[in-house]
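> Protein chains in written order, with this note's numbering: chain A, 1 to 131; chain B, 1 to 131; chain C, 1 to 131.
It should be emphasised that the hints constitute simulated quantities derived from the structure, not laboratory data. We put the beta carbon where it would ideally sit given N, CA and C, even for glycine. Keep in mind that the hints are not guaranteed to be accurate.
Claimed, not checked - Listed next, with one range per pair, are the computed distances between beta-carbon atoms:
1) B/P72 - A/G79: 36 to 42 Å
2) B/W51 - A/H99: 14 to 20 Å
3) C/R3 - A/L60: 38 to 44 Å
4) B/K104 - C/K69: 42 to 48 Å
5) A/H99 - C/N100: 25 to 31 Å
6) A/P72 - B/Q107: 21 to 27 Å
Unchecked claim - Per the computed footprint, the stretches of chain B lying under chain A, defined by three or more beta-carbons under 8 Å from a beta-carbon of chain A, are:
7) 7-14
8) 33-47
9) 55-65
10) 117-129
Chain by chain, the residues:
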Amino acid sequence: MFRELQIQTAKRREFIDITRLISDTVQEIGDGLVLVFSPHTTAAVTINENWDPDVLHDFLLFWDQQVPKAFPGFRHGEGNSDSHILTSVFGPSTTVMVHNGKLKMGQWQGIYFCEFDGPRMRTCWIQTVAT
Amino acid sequence: MFRELQIQTAKRREFIDITRLISDTVQEIGDGLVLVFSPHTTAAVTINENWDPDVLHDFLLFWDQQVPKAFPGFRHGEGNSDSHILTSVFGPSTTVMVHNGKLKMGQWQGIYFCEFDGPRMRTCWIQTVAT
Amino acid sequence: MFRELQIQTAKRREFIDITRLISDTVQEIGDGLVLVFSPHTTAAVTINENWDPDVLHDFLLFWDQQVPKAFPGFRHGEGNSDSHILTSVFGPSTTVMVHNGKLKMGQWQGIYFCEFDGPRMRTCWIQTVAT
């Protein structure tokens, strides 16, 4: 099963919890794996805590300092090399188990769409495979 | 096939070689893929050299400086934002091939459970899919 | 379907576009997933823009400063701890969808073999699974 989700982002850098979107999509498969894939080169997918919003605050704070938008020597004309770098650090996709039509994840885990060059209308692809 | 492993970690940051645990588990499947998944938000999974222990020493040294526990501006009350950050850098899972019931990996590769906020009793999930 | 590719790298750190190599390989499967896996501990796989070569220039510039070859305190006798670190940051593999025998990726995405300790003759493994 393949699905394409639409995600409207609101900031240049932003972590959007898409756990519910994914879990709604995998209900029809019984047991399997689901690949959550960002088809963009300046947006990624990751899994992390979705309980305390301060975790996301600290993510943004840390990465703003670690990979700033302006960096001496950057040549890429679009001015978003930082976004490309972060996309490879976080990775374009994640794979999660599905048991009985439900995402099998840890208690505190959520799936995040990582916007690194927004705001934009983004897509996110989902592909399931039965186990 | 799904399995849950128990892993007792001993330090706050630690890389534990779980290659043997995984290879013992996949013997019963012939050919396939195995997803090794950490259901935690402060522990990850990676693949790297498991020959010279100095590689792990250098990993810990580098990341202690790159992502220190204390960072100006961190708000997360649990004081482990560094652990969450490292979990997304390394990633929560890895996927490895299984051929004839054996892990197909490079000669120097091992699978590591990455503890970033221990010591704790952790779990690690394994899901196989036939190819 | 399993395939082993040979890749000759030319520099110590280098990003080599292997999209065409992978797409040629998956034509014979209809719909599925393809795992692209580096069996090395100093070479990784990532997905990023393959249009403007300045993106790769900026990648190399950034990571040379962020993870330099020489780092105070490194012990690993081979002197390539930086290569091991970068391999875990980028990750040893990526998983991509295949629809109708074609890689399903974003318009600007390419698959890169990431050399972090070349030049060497490298191998890259490909495993498909039907969906």
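> That 25 to 31 Å hint for A/H99 and C/N100 (C-beta), does it hold up?
Once the Cβ atoms are compared, 29 Å apart, the range 25 to 31 Å for C/N100 and A/H99 holds.
> Can you tell me if the segment 55-65 of chain B counts as covered by chain A, using C-beta to C-beta distances under 8 Å and a minimum of three residues?
violated (count 0)
> How does the segment 117-129 of chain B fare against chain A when you require at least three residues with a CB closer than 8 Å, holds or violated?
holds (count 4)
> Using the C-beta atoms of B/K104 and C/K69, is the stated range 42 to 48 Å upheld?
violated, 30 Å
> May I ask you to test the hint 38 to 44 Å on the CB atoms belonging to C/R3 and A/L60?
Holds, since C/R3 and A/L60 (Cβ atoms, about 41 Å apart) stay within the stated range.
> Just tell me: holds or violated, for the beta carbon distance of B/P72 and A/G79 against 36 to 42 Å?
Violated, since B/P72 and A/G79 (Cβ atoms, about 27 Å apart) do not stay within the stated range.
> Do B/W51 and A/H99 keep their Cβ atoms within the hinted range of 14 to 20 Å?
Violated, at about 36 Å.
> So is the segment 33-47 of chain B in contact with chain A by the C-beta rule, three or more residues under 8 Å, or is the coverage claim wrong?
Since 6 is at least three, the answer is holds.
> Apply the coverage criterion to the segment 7-14 of chain B and chain A: a residue qualifies when its Cβ sits closer than 8 Å to a Cβ of the chain, and three qualifying residues are needed.
violated (count 0)
> If you check the beta carbons of A/P72 and B/Q107, does the distance land in 21 to 27 Å?
violated, 40 Å
Checked against the numbered hints above, the structure breaks hints 1, 2, 4, 6, 7 and 9 and satisfies the rest.
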